[in-house]
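Please construct the entire structure, taking both the sequences and the accompanying hints into account.
The residues making up each chain are set out below.
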Amino acid sequence: MARGATIKLDVFRCRPEDERGTFRSYDVPYREHWVVLDALNWIKDYMDGTLSYRWSCRMGVCGSCGMMINGQPALSCAVFLKSYYPNSIRVEPLSYFPVDRDLMIDLEGFLAKLKSIKPWIIHEDEKPLEAGEYLQTPGELAAFKQYSMCINCMLCYAACPVVGAEEDFLGPAVIALAQRYNLDSRDQGAEERSVAIDADEGIWGCTFVGECTEVCPKQVDPAGAIQRAKVASAKNWYSKLLPWGER
Amino acid sequence: MHHSKEVFWWSLFSAGGVMAALFMPALMVATGVILPNRGPAAHAQIHETVSFWPVRILLFVILFLSFFHCGHRVKHILMDLGLRRASGALAVLCYGGASVGTLAAAYVLATLGSG
Numbered sequence: 011m012a013r014g015a016t017i018k019l020d021v022f023r024c025r026p027e028d029e030r031g032t033f034r035s036y037d038v039p040y041r042e043h044w045v046v047l048d049a050l051n052w053i054k055d056y057m058d059g060t061l062s063y064r065w066s067c068r069m070g071v072c073g074s075c076g077m078m079i080n081g082q083p084a085l086s087c088a089v090f091l092k093s094y095y096p097n098s099i100r101v102e103p104l105s106y107f108p109v110d111r112d113l114m115i116d117l118e119g120f121l122a123k124l125k126s127i128k129p130w131i132i133h134e135d136e137k138p139l140e141a142g143e144y145l146q147t148p149g150e151l152a153a154f155k156q157y158s159m160c161i162n163c164m165l166c167y168a169a170c171p172v173v174g175a176e177e178d179f180l181g182p183a184v185i186a187l188a189q190r191y192n193l194d195s196r197d198q199g200a201e202e203r204s205v206a207i208d209a210d211e212g213i214w215g216c217t218f219v220g221e222c223t224e225v226c227p228k229q230v231d232p233a234g235a236i237q238r239a240k241v242a243s244a245k246n247w248y249s250k251l252l253p254w255g256e257r
Numbered sequence: 039m040h041h042s043k044e045v046f047w048w049s050l051f052s053a054g055g056v057m058a059a060l061f062m063p064a065l066m067v068a069t070g071v072i073l074p075n076r077g078p079a080a081h082a083q084i085h086e087t088v089s090f091w092p093v094r095i096l097l098f099v100i101l102f103l104s105f106f107h108c109g110h111r112v113k114h115i116l117m118d119l120g121l122r123r124a125s126g127a128l129a130v131l132c133y134g135g136a137s138v139g140t141l142a143a144a145y146v147l148a149t150l151g152s153g
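Quick mapping for you: the protein sequence lines, in order, are chains A and B. Count along the first sequence from 1, then add 10; that gives the number in the working numbering. Count along the second sequence from 1, then add 38; that gives the number in the working numbering.
Among the hints, erroneous ones may be present.
[Stated by the list, open to error] Selected chain A positions facing chain B (Cβ under 10 Å, derived; list incomplete): (1) Ser195; (2) Asp197; (3) Glu211.
[Claimed, not checked] Only pairs whose alpha carbons sit at most 20 Å apart, straight line, appear in this in silico PhoX-like list of lysine-lysine: (4) Lys43/B / Lys250/A; (5) Lys92/A / Lys18/A; (6) Lys128/A / Lys155/A; (7) Lys18/A / Lys43/B; (8) Lys250/A / Lys228/A; (9) Lys228/A / Lys155/A.
[Said to hold, decoys possible] Distance windows between CB atoms, simulated: (10) Gly70/B / Pro253/A: 38 to 44 Å; (11) Val112/B / Leu145/A: 20 to 26 Å; (12) Gln82/A / Val99/B: 17 to 23 Å; (13) Val112/B / Ser66/A: 42 to 48 Å.
Read the hints as simulated data drawn from the structure, not as lab findings. Computed from a predicted model, the values in this text were never measured in an experiment. Quick reminder that beta carbons are idealized off the backbone N, C-alpha and C, glycines included.
Written as C-alpha cells, this is what we have:
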C-alpha cells in the first residue's frame, strides 16, 4: 500500500426537497483498519459537513448504521475498507425505505409495524410486586433467546424482496420479535399479537427467500422464526377445528 | 385467535412440499423411467400394486397435496412478478387448477382396474 493512498467512496446524497438523489464521490485516506463508517466520519469531519447518516456505537450493538454497501445491506461499522481496496465503494441508504436525507431512512413505517405486534411481555394475570420475579428455567430461556438478540438494524428489511413488493408485510425482524415474546414462558400475549401476525400479509407474504437470515449481523435467523410462526398459526387453526379443540 | 384464510392454503402448500420432496422423485423414477423399460410384465405388476387400496389412498394424498403445493407456489411467483393486484383471480386459477388435478387423480385412482 502506497503512503498517502486513498480509496473512493461514491455516496448517495439526497435532500428532503430533492425528488431523486445523486451520487457524490469522495477520495478518502485509505487505512487498513478503517471500516466504512470511519471513512464516512472522515468525510463528515474534513470534507463535507452536510453529509447525514446515523451511527452510534461503532461496534455492531446499536443497529443504527445499516446501509447498502456495494448493493449489500450491512452495518457500516462492520465492513472494512480493505475488503474493497483498491476498488471504490458505493454507499446508499437501506433499500425499500423512504429516504429522509442522504443515508438516513424514514423509520416510521417500521416502527408502526413493530408496535403492532406489542413487543413486550403480556401477562394474563399481573402478580403483585411482593410475589417476586417470574422465574424461568434455562430451557425456557433458550426457547426464545436467539430471537431476543435482534438490534432492529433493519438490514433484513433491505434484503427482503417481499418487503419491497408488499407494503403490508410485517417483515423479518418484527415477526422474529413477535416470536421472541410468543415463545417466552412468562408471556400470554400470542392471542393479541395474532391480529397483526395473522393478517393476510402479516406473515403470509413471506415466500421463504431466506436473505433476511443471510444478512442478519446477530444470527437471529428471522427466516426460521417466520416459518415457525406459520407452523404455530396452522397448528392453532387446525386444533380449533377439532371437536375437543379450544375455541 | 385471529386467522387469515392464508393459513389453510399455506398448510396445504407446506404438507404438499413434504410429500413432493419425499415421494415425487422416487415415484417419477420408478413409474416414468424404470418400469416402462421393463415390458408388459412390469406394467401388470405396477397395476396390481396400485390397485391395492392403501396404495391408492397414499397416492391420492401425495398427488392432492402436491397439486396444491404447486398451485400455491405458482400463485406467489406470479404475485412476485407483479400480479399482486390480481391475487383474487390468481387464487381461482391456481387453486382451481389444483382442484381439477386432484379430481382427475381421484377419478383415475378410483376407476383403476374397473375398465
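Against the structure, the hints:
Look at Ser195/A: its Cβ only gets to about 18 Å from chain B, farther than 10 Å, so that hint breaks. Interface restraint check for Asp197/A: the shortest CB-CB distance to chain B comes to about 14 Å, outside 10 Å, so the restraint is violated. Given the 10 Å rule on beta carbons, the hint for Glu211/A holds: about 8 Å separates it from the nearest Cβ of chain B. Using a Cα cut-off of 20 Å, the hinted pair Lys43/B and Lys250/A holds, with the two alpha carbons roughly 14 Å apart.
A threshold of 20 Å between alpha carbons decides the hint, and for Lys92/A with Lys18/A the separation of about 12 Å falls inside it, so the pair holds. Between the alpha carbons of Lys128/A and Lys155/A the distance comes to roughly 18 Å, so the proposed pair stays at or under 20 Å and holds. Note on Lys18/A and Lys43/B: the hinted pairing is violated, with a Cα-Cα distance of about 51 Å set against a maximum of 20 Å. Between Lys250/A and Lys228/A the CA atoms are separated by roughly 36 Å; this puts the pair beyond 20 Å, and the hint is violated.
Taken as a hint, the Lys228/A and Lys155/A pair is honoured in the structure, with Cα atoms around 12 Å apart against an allowance of 20 Å. For the pair Gly70/B and Pro253/A, the supplied restraint of 38 to 44 Å holds, since their beta-carbon distance comes to about 42 Å. Judged by the Cβ atoms, the range 20 to 26 Å given for Val112/B and Leu145/A is violated: they are separated by roughly 49 Å. For Gln82/A and Val99/B, the hinted distance range of 17 to 23 Å is not satisfied, since their beta carbons lie about 43 Å from each other.
For the pair Val112/B and Ser66/A, the supplied restraint of 42 to 48 Å holds, since their beta-carbon distance comes to about 45 Å.
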